[in-house]
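Note that the protein sequences, when read in sequence, are chains A and B.
The opening position of the first sequence corresponds to residue 1 in this note's numbering, with each subsequent residue numbered one higher.
The opening position of the second sequence corresponds to residue 359 in this note's numbering, with each subsequent residue numbered one higher.
A couple of the hints might just be wrong.
Here are the simulated DSSO-like cross-link-like pairs (lysine-lysine), alpha carbons at most 30 angstroms apart as the crow flies [claimed, not checked]:
| # | chain 1 | residue 1 | chain 2 | residue 2 |
| --- | --- | --- | --- | --- |
| 1 | A | Lys4 | B | Lys627 |
| 2 | A | Lys4 | B | Lys370 |
| 3 | B | Lys366 | A | Lys73 |
| 4 | B | Lys370 | A | Lys8 |
| 5 | A | Lys73 | B | Lys627 |
| 6 | A | Lys4 | B | Lys366 |
| 7 | B | Lys366 | A | Lys71 |
| 8 | B | Lys431 | B | Lys366 |
| 9 | B | Lys642 | A | Lys12 |
Derived by calculation from the structure, the hints in this document are not laboratory data.
Predicted, not measured: the structure shown is a model, and the values here were computed from it.
2 protein chains.
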Amino acid sequence: MSVKYVGKGSFKFETAPEIAAWASVGASMESQGPLAKHFDYLSDDAYFGQATWEKAESELHRRVLELALGKAKISAAELGMIFAGDLQNQCTASSFGSRDEGVPYFGLYGACSTFAEALILSAMAVDGGFIERGAAAASSHFCSAERQFRLPLEYGGQRTPTAQWTVTGAGAAIISAASDRSRGISEADGAMIYTPRVTLATPGIIRDAGIKDSANMGAAMAIAAYETLYRHFEDTGRGPNSYDLIVTGDLGAIGFGIVEDFFRKSGTKLTNYNDCGLMIYDLKKQDVHAGGSGAGCGAAVLCGYLLGEMRSGKLNKVLFAGTGALMSAITSGQGESIPGICHAVAIENLPENLRGSK
Amino acid sequence: MSVKYVGKGSFKFETAPEIAAWASVGASMESQGPLAKHFDYLSDDAYFGQATWEKAESELHRRVLELALGKAKISAAELGMIFAGDLQNQCTASSFGSRDEGVPYFGLYGACSTFAEALILSAMAVDGGFIERGAAAASSHFCSAERQFRLPLEYGGQRTPTAQWTVTGAGAAIISAASDRSRGISEADGAMIYTPRVTLATPGIIRDAGIKDSANMGAAMAIAAYETLYRHFEDTGRGPNSYDLIVTGDLGAIGFGIVEDFFRKSGTKLTNYNDCGLMIYDLKKQDVHAGGSGAGCGAAVLCGYLLGEMRSGKLNKVLFAGTGALMSAITSGQGESIPGICHAVAIENLPENLRGSK
């Protein structure tokens, strides 16, 4: 048995499974944001044709998986496993959304870090030789999340400045054993098309900064994000500048600032760091307070804009760090603080001419 | 890359990771049941010294992991990953229970099948060479589950005959790369002690029989259990009689009868089939209606009685099939049926003298 771990808490995917295809869906707020053109499907109807917000989120999940399968030109029957999750109680958006696929199903709960968790586990399943091909998916819905984690929308409560806007969206990716095209394909016009690959992972350790305000999730998750990124750099010997982009899932303005600040205090100025919660909305023009959040935030930005930029070679080396707040309305109601988690995964284009990069 | 899958939806663990240690905890109903002496810890206090039932379940989770680590003679720092889940909204029993362990954490939601899911994923992580050692854990609590899935206990509703009693309990197992002792150790008195190993898995596909009664979960899950067991036998070429015991997680009397019936109609009489929900309580003497249920049911029976019987060689080949109902109070309230899932995992003693068995 070959041992794949790097440092204490990171490991490499020896075969570097490819992300063969990906898709993202969103709703009206996402269609007004700066990344609108990178979505595969945007709906004006927050119900996605369903009777309730919860059913809408299942439909969103079903649809994003179908879109990703279509782009991979495969049927669900060709998937060995689906790894999926969402924020609803008992993760029903994903289980009901995958109910008719007929594929072995692993339900996950990593709060808003779920997509990164799914990406790591599906890449492990492929890299370990357990399946040829799997899917990772995650979703969130503003209306189902608000009434689940905070207050019913009908209550009309005023949002605090630290609050974030839960993305109504989902992302899905098809993870496959590396193929001939993994090293890039030259198009008729000479342009290269790359198939990004999953190379390294640093799974998250639960960290609790003692924050109890469920309208300030960014601050609650920031310590986990800092700690995972720090461990990733330590374990792999890669500095922050090894990446074209380091991107957290949904810290928003508050959490993003805290992570930057932690690194600055440890002597590192991050120059290539961003957060999906800051990218998906225009914080100046859209009324989203501290930015986007939700399991669909990182999933949709990665499976839309970011992997698209990797496909064209504008980005070649991305560290995607999904962030999650592991609380519930019950734990908050019982006076508990909010534990955070952050799973980091390195995604790289690995054609011949980029192999030299470490 | 070696391909490990067997048949369409099953795969083998080439290195057959060992279950190095295991532990189970329960409360008063479990202490009155026939398996009481096989628990590592039984509490008369349903609160486990905490202020709320939800905090009690976190404590139960923390304690069972600590007991398993103690029996494996290792500290949490020696774990590469924890795979865990429970039935609470947003799976907070496990995340709060693992909050202080400092170990990479993968939160799972497979409803009552969660322990089987955790066992498969931790064995995949070890077998794939990603970690040397991981933990699988799952819990449930009668009081937190009742108010989450059905009605608040204070309501005092009468339970229907098909209802099951959610186990207040948890199980944890330490999964390690196979070691010298994996083949069995001869004790001073000549008796052999075995270390059971994880050899095959058939992950579950979501199946929905259209049942909507959340007080009849056994019936809702039975079709998934039948289908997974049937696929396991087909994929692996092993018939039911290859096993000393085939055991589902928590189908109870109703679901157990349906699975037996399905097999009988397909021409197979199961002679070595049981269900953890029928084993953990005395259905004649204890007021549990159709039997035990919950993520803690299968986890505690496996990590107490069953693995204990394997350790002494009374059982050598067990097919553990965790069963889960992937609904929530919200989906039931919105008129949805209850999708079921069942993850099967083969656990075997593999000393030299048993190698011949297929």
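Outcome of the hint check:
A threshold of 30 angstroms between alpha carbons decides the hint, and for lysine 4 of chain A with lysine 627 of chain B the separation of about 45 angstroms lies outside it, so the pair is violated. Between the alpha carbons of lysine 4 of chain A and lysine 370 of chain B the distance comes to roughly 20 angstroms, so the proposed pair stays at or under 30 angstroms and holds. Between lysine 366 of chain B and lysine 73 of chain A the CA atoms are separated by roughly 20 angstroms; this keeps the pair inside 30 angstroms, and the hint holds. At most 30 angstroms may separate the alpha-carbon atoms for a hinted pair to count; lysine 370 of chain B and lysine 8 of chain A meet this at roughly 27 angstroms.
Our distance criterion of 30 angstroms between C-alpha atoms is broken by lysine 73 of chain A and lysine 627 of chain B, whose separation comes to about 42 angstroms. Between lysine 4 of chain A and lysine 366 of chain B the alpha-carbon distance is near 27 angstroms, which keeps this suggested pair within the 30 angstroms criterion. Taking the CA atoms of lysine 366 of chain B and lysine 71 of chain A, the gap is near 23 angstroms; set against the 30 angstroms cutoff, the hint holds. As the CA atoms of lysine 431 of chain B and lysine 366 of chain B are separated by approximately 38 angstroms, the hinted pair breaks the 30 angstroms bound.
Of the supplied pair hints, the one linking lysine 642 of chain B and lysine 12 of chain A is violated, its CA atoms being roughly 53 angstroms apart against a limit of 30 angstroms.
Of the hints listed earlier, those the structure fails to meet are numbers 1, 5, 8 and 9, in rising order.
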